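K.L.:
Each chain, letter by letter, is given below.
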Amino acid sequence: MTLLYFAWVREQIGCDAEEIALPSDVRTVAALLDWLRSRGGGYASALKDLSVIRVAVNQEFAAPDHAVGDGDEIALFPPVTGGAPS
Amino acid sequence: MTLLYFAWVREQIGCDAEEIALPSDVRTVAALLDWLRSRGGGYASALKDLSVIRVAVNQEFAAPDHAVGDGDEIALFPPVTGGAPS
Amino acid sequence: MIRVQREDFDIGAEIEALSGGNNEVGAVASFVGITRADAGEGAPITAMTLEHYPAMTEKQLAAIEAEACERWNLTASLIVHRHGRLEPGDRIVLVVTAASHRRAALDACAFLIDWLKTKAPFWKREETAEGPRWVAARAADDQAAERWRDAS
Amino acid sequence: MIRVQREDFDIGAEIEALSGGNNEVGAVASFVGITRADAGEGAPITAMTLEHYPAMTEKQLAAIEAEACERWNLTASLIVHRHGRLEPGDRIVLVVTAASHRRAALDACAFLIDWLKTKAPFWKREETAEGPRWVAARAADDQAAERWRDAS
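Chains as they are written, first to last, in our numbering: chain W, 12 to 97; chain E, 12 to 97; chain V, 683 to 834; chain Y, 683 to 834.
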């Protein structure tokens, strides 16, 4: 599985992308976030408040119960702030 | 008084501007239109349906009861069709 | 700023001149009206002549622009309106509005175009294969301008 | 057509390329977003970096544009969005919509800008004299995009 991180999630985790082998019991977005958080360090601090974390699975926004699998590209990032001016 | 004509009003009357000496009993836009119509010819045909005639006195839209006087610039024209596309 | 002219205009240059160098500007909306062959009710038009009443046009456009600038607190605005003979594909009118925020720029631009369409003293004479015709005013356009009154 | 790029864009050339030579186009609306020094909540910004997720940005912008083209029956449309580091006065985004009629062009342009503001996966990092900060999403922007849902 490819994991991508953007904005301050990227900064806190300390890298912009990584390949991971998913534990067999991690089958949803919510379980993936829990598992990443359990790695501690930057993961724990970046993911401590999930209300400001958005997840995309294969470039589409995904809810916590969305399935995840080994071939997926999963991105974690803060709510988007857009480019158009206010 | 200066009279200006635009669009098909101009074409039917046959000129784009003229100077006239106003009869002393013509004191409103409505009276002016009646008086012009009484001249017959192009005036009568251009002004036969007043629902499609608009009048400006000194570059401002004017209602039938608006006063008119010797120093005024009075324009007669059809409802505007604007420039912006529909 | 308003200009009524026979000549065409350069959209990019006009927008740049209006918004460049002003750090308060965050949003520039613009609108360009273009002559369409199928603009009329009947046969395709081959050309269109816009007649106007220069003294009144200048007065009214200046008043419309001042109203928009005040209502939406615009940083800058521009109306360029052409008159004379235009062929399909030719630009007719340009409205540019600059503001700090996008909503003000977009709403002011739409307001000005609706207003120009109904209130500016222009008359259109279309040329077609069936001969020339003067365009009649349309009630739908008055309604589009009136909705701005309701919203205020 | 969509483009996400570091480079600046030429508004006049983009509008001309989109609308020129198409006799169905009667109305071209455009919007340009520009970086403002006072765009933030606190100290004036000296620069702003737009980060994005290229694969997702392309997918989402293409979907947004397709939705607008269908809903307003646009003749053509263009979104150019910059990423990377921008300073006050720099252009950020261009939206151009071309249609037969003015209402379609204006509404589609406003819709696309509201949508880009809230839904496109861009993140803004502002630089100020007090240090850099990531911009937080604002509820008001979500409401501006949502009103298009209510209107449909």
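FYI, nobody ran anything at the bench for these hints, they're computed from the structure. Careful, some of the hints might be misleading.
[As the list claims (entries may be wrong)] In silico DSBU-like cross-links for lysine-lysine, where the CA-CA straight-line distance does not exceed 35 Å:
{"no.": "1", "chain 1": "E", "residue 1": "K59", "chain 2": "V", "residue 2": "K801"}
{"no.": "2", "chain 1": "Y", "residue 1": "K741", "chain 2": "Y", "residue 2": "K801"}
{"no.": "3", "chain 1": "V", "residue 1": "K801", "chain 2": "V", "residue 2": "K741"}
{"no.": "4", "chain 1": "V", "residue 1": "K741", "chain 2": "E", "residue 2": "K59"}
{"no.": "5", "chain 1": "W", "residue 1": "K59", "chain 2": "Y", "residue 2": "K801"}
{"no.": "6", "chain 1": "Y", "residue 1": "K741", "chain 2": "W", "residue 2": "K59"}
Predicted model, so just to flag it, every value in this text is computed and none were measured.
K.L.:
Which numbered hints are broken by the structure, listed smallest first?
P.N.:
none
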